[in-house]
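Keeping their order, the protein sequence lines are chains A and B.
Its first residue numbered 1, the first sequence is counted upward by one per residue in the UniProt record's numbering.
Its first residue numbered 1, the second sequence is counted upward by one per residue in the UniProt record's numbering.
Careful, some of the hints might be misleading.
Just so you know, same-sequence chains aren't split out, so a pair can sit in one copy or run between any two.
[As the list claims (entries may be wrong)] Cut-off 30 Å, straight-line C-alpha distance, at most; resulting in silico cross-link-like pairs (BS3-like, lysine-lysine):
hint, residue 1, residue 2
1, Lys-58, Lys-33
2, Lys-115, Lys-328
3, Lys-276, Lys-33
4, Lys-269, Lys-328
5, Lys-214, Lys-165
Hints are computed from structural coordinates only; laboratory data are not their basis.
Just so it is clear, the structure is predicted and the values come from calculations on it, not from any experiment.
There are 2 protein chains.
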Amino acid sequence: MSETQYHHHGRFPVSGGVLPDAITAYRTYGDPKNPCIVFPTCYGGRLDSQDYMVGEDKVLSTKKYYVVTLALFSNGESSSPSNTPAPYNGPYFPAVSYEDNIRAQYAVLQKLGVKTVFAVVGFSMGGQQAYYWPVIYPDYVERYVAICGSARTSPHNQCFLEGPKAALVASKDFDGGHYKTQPEIGKRAFGRVYSAWAYGQTWFRQHGHLHDGKYPDLESFLREDWEGGFLGWDANDLLTLLHTWQTGDVSRVRDGGDLAQCLRGIKAKGLIMPSKTDLYFPPEDSVDEVSNLQNTARLVVIDTVWGHMAGGGANAADDKFIADEITKFFEE
Amino acid sequence: MSETQYHHHGRFPVSGGVLPDAITAYRTYGDPKNPCIVFPTCYGGRLDSQDYMVGEDKVLSTKKYYVVTLALFSNGESSSPSNTPAPYNGPYFPAVSYEDNIRAQYAVLQKLGVKTVFAVVGFSMGGQQAYYWPVIYPDYVERYVAICGSARTSPHNQCFLEGPKAALVASKDFDGGHYKTQPEIGKRAFGRVYSAWAYGQTWFRQHGHLHDGKYPDLESFLREDWEGGFLGWDANDLLTLLHTWQTGDVSRVRDGGDLAQCLRGIKAKGLIMPSKTDLYFPPEDSVDEVSNLQNTARLVVIDTVWGHMAGGGANAADDKFIADEITKFFEE
Numbered sequence: 001m002s003e004t005q006y007h008h009h010g011r012f013p014v015s016g017g018v019l020p021d022a023i024t025a026y027r028t029y030g031d032p033k034n035p036c037i038v039f040p041t042c043y044g045g046r047l048d049s050q051d052y053m054v055g056e057d058k059v060l061s062t063k064k065y066y067v068v069t070l071a072l073f074s075n076g077e078s079s080s081p082s083n084t085p086a087p088y089n090g091p092y093f094p095a096v097s098y099e100d101n102i103r104a105q106y107a108v109l110q111k112l113g114v115k116t117v118f119a120v121v122g123f124s125m126g127g128q129q130a131y132y133w134p135v136i137y138p139d140y141v142e143r144y145v146a147i148c149g150s151a152r153t154s155p156h157n158q159c160f161l162e163g164p165k166a167a168l169v170a171s172k173d174f175d176g177g178h179y180k181t182q183p184e185i186g187k188r189a190f191g192r193v194y195s196a197w198a199y200g201q202t203w204f205r206q207h208g209h210l211h212d213g214k215y216p217d218l219e220s221f222l223r224e225d226w227e228g229g230f231l232g233w234d235a236n237d238l239l240t241l242l243h244t245w246q247t248g249d250v251s252r253v254r255d256g257g258d259l260a261q262c263l264r265g266i267k268a269k270g271l272i273m274p275s276k277t278d279l280y281f282p283p284e285d286s287v288d289e290v291s292n293l294q295n296t297a298r299l300v301v302i303d304t305v306w307g308h309m310a311g312g313g314a315n316a317a318d319d320k321f322i323a324d325e326i327t328k329f330f331e332e
Numbered sequence: 001m002s003e004t005q006y007h008h009h010g011r012f013p014v015s016g017g018v019l020p021d022a023i024t025a026y027r028t029y030g031d032p033k034n035p036c037i038v039f040p041t042c043y044g045g046r047l048d049s050q051d052y053m054v055g056e057d058k059v060l061s062t063k064k065y066y067v068v069t070l071a072l073f074s075n076g077e078s079s080s081p082s083n084t085p086a087p088y089n090g091p092y093f094p095a096v097s098y099e100d101n102i103r104a105q106y107a108v109l110q111k112l113g114v115k116t117v118f119a120v121v122g123f124s125m126g127g128q129q130a131y132y133w134p135v136i137y138p139d140y141v142e143r144y145v146a147i148c149g150s151a152r153t154s155p156h157n158q159c160f161l162e163g164p165k166a167a168l169v170a171s172k173d174f175d176g177g178h179y180k181t182q183p184e185i186g187k188r189a190f191g192r193v194y195s196a197w198a199y200g201q202t203w204f205r206q207h208g209h210l211h212d213g214k215y216p217d218l219e220s221f222l223r224e225d226w227e228g229g230f231l232g233w234d235a236n237d238l239l240t241l242l243h244t245w246q247t248g249d250v251s252r253v254r255d256g257g258d259l260a261q262c263l264r265g266i267k268a269k270g271l272i273m274p275s276k277t278d279l280y281f282p283p284e285d286s287v288d289e290v291s292n293l294q295n296t297a298r299l300v301v302i303d304t305v306w307g308h309m310a311g312g313g314a315n316a317a318d319d320k321f322i323a324d325e326i327t328k329f330f331e332e
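Whenever a hint applies, use it, and build me the whole structure from the sequences.
Next up, the structure:
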């Protein structure tokens, strides 16, 4: 397994101010002479969790590609409220945009000597980064794969995100981000609010939440997967990372908010893979986007009941479908 | 306008214990000699809010029908945590089921001398009550109309409800239900968590939340419609009413949890009207239910982007569609 490395950017301007010593955490896999694949993290993702698609015999093959995984700011590995020294620690951490993240990732790739990126691949917030890359560095990226993501965070998606955010911010132990110990009550509420959004209604109807007997009931599922799932995260990190997501919009980078025009300007080849049952990155948004990607992108809907989670390594059938489509796309 | 009346049940057993002096608030409209329509409230509904369908020239015509609107326990008008004396006040209020509500409503109708119910009509939690009526009183109800409801609260619906509940319970001012003043922070979080569920994604994509210029942005919409919308509610009322919803399942009344068998036993004629874009009472659940209603019920999907709200008087087009279908159904 690759060791996590840390790139120090020095003084680094971000959308909400500046980080005096911004750090991007990343890992590299395979031979640097191979074509480079960039695979940034999603919400709730760490560099470790990228392994579901990276390996000798996985779709992002470390035998065929030089794979670079990069941690988003606020994920707890790159610069985040939880690991940044005063005066930008905790609730004082500045807002960070996707554009800031991509600029930072580009700096890492420059240091690694990557001359051109064969493909950017991402799921969810990673899928949003996959859209940003060819917009910001049009001559550097050949392909991108956006899985359960979008080029702009839709109003409904923004509204959904207000839910977990509101629960955490209003919680009895969050204390405006000035908590002395982790606000466990707030984070548990955050997880519960999030849970029903992550899968399709049919998945629950088919009792997917019981995970073939792992859980006796909905409550156990919520306690372990959704309360437990966020306990390892810092509350301020969760909020600033959520802010990055909520403000996603490639057309802020150029074209003054005209998303259609911005998308029409993308030169890289795209593979856009929404999940049919995704409740916050619904396929309709992808259809709209692909209609503006002219002939550069292909839409392939993941036919699944797993909702958003389909794209994140949640089950073997969807994993295989996604891997096969990506492999085909890489060979085109 | 009809005056609100209060029926005292005396000592009234409920699923979580007993209410020493249970009260059902209700109103009557029109001539008692006309066919009787029962129209119970939904979540967040008061007797006042039933007026959107009740009136001389509305679908529940007070010229043609004797309309009785009834308030759910926990809605703040019927017995609720907020209006029940000690020792069952506030957080000490017992759990109440749909079955308890229907038994109470039946007692009111008996007092009013209603010999048979021409139709029960309901939206959302009202739609769930519409299913309960013919199950509990099979020889008393001729027709029922379930708008954006279901005969059993699905696991996904239960999971969605955990969100607003968790936000309120975890909030800094809820204090385990022992608050001395209303927990405004908790209720605002509750509303924000709820908001994105109430409409379809497409409604937001079309900027429905801006309400044709009423709101400049998502934040204003959330503040007025969703934070403001719940400030007039008591927090404990919100939670016990939510519990009634969360535990809805007609097959608990009979057939030992076998929903298909319970539905097959319904004799009344049903009109089942889900909204195409409802995120927590999705039409697929209605399709399943109607498949077990043999030839007694008809499914009519409301083709709308308004999500769940389509059934609650949110816009003229859906109102008209629903009214026309109900009128046709009443004449069959």
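Up to 30 Å CA-CA - Lys-165 versus Lys-214, copy category | Classified as both: same-chain Cα gap 29 Å, cross-chain 25 Å, threshold 30 Å.
When no copy is specified for Lys-115 and Lys-328, does a C-alpha distance of 30 Å or less occur within a copy, between copies, both, or neither?
-> Answer is within: at 24 Å inside a copy they meet the 30 Å cutoff, but 69 Å across does not.
Check Lys-58 against Lys-33 for me: Cα-Cα at most 30 Å, and say if that holds within a copy, between copies, both or neither.
-> Within one copy only: 19 Å inside, 74 Å across.
30 Å Cα cut-off: does Lys-276 pair with Lys-33 within a copy, between copies, both or neither?
-> Cα proximity of Lys-276 and Lys-33: none, with 37 Å in one copy and 52 Å across.
State whether the alpha carbon distance between Lys-269 and Lys-328 is at most 30 Å within one copy, between copies, both, or neither.
-> Within one copy only: 13 Å inside, 53 Å across.
Of the numbered hints listed earlier, the single one contradicted by the structure is hint 3.
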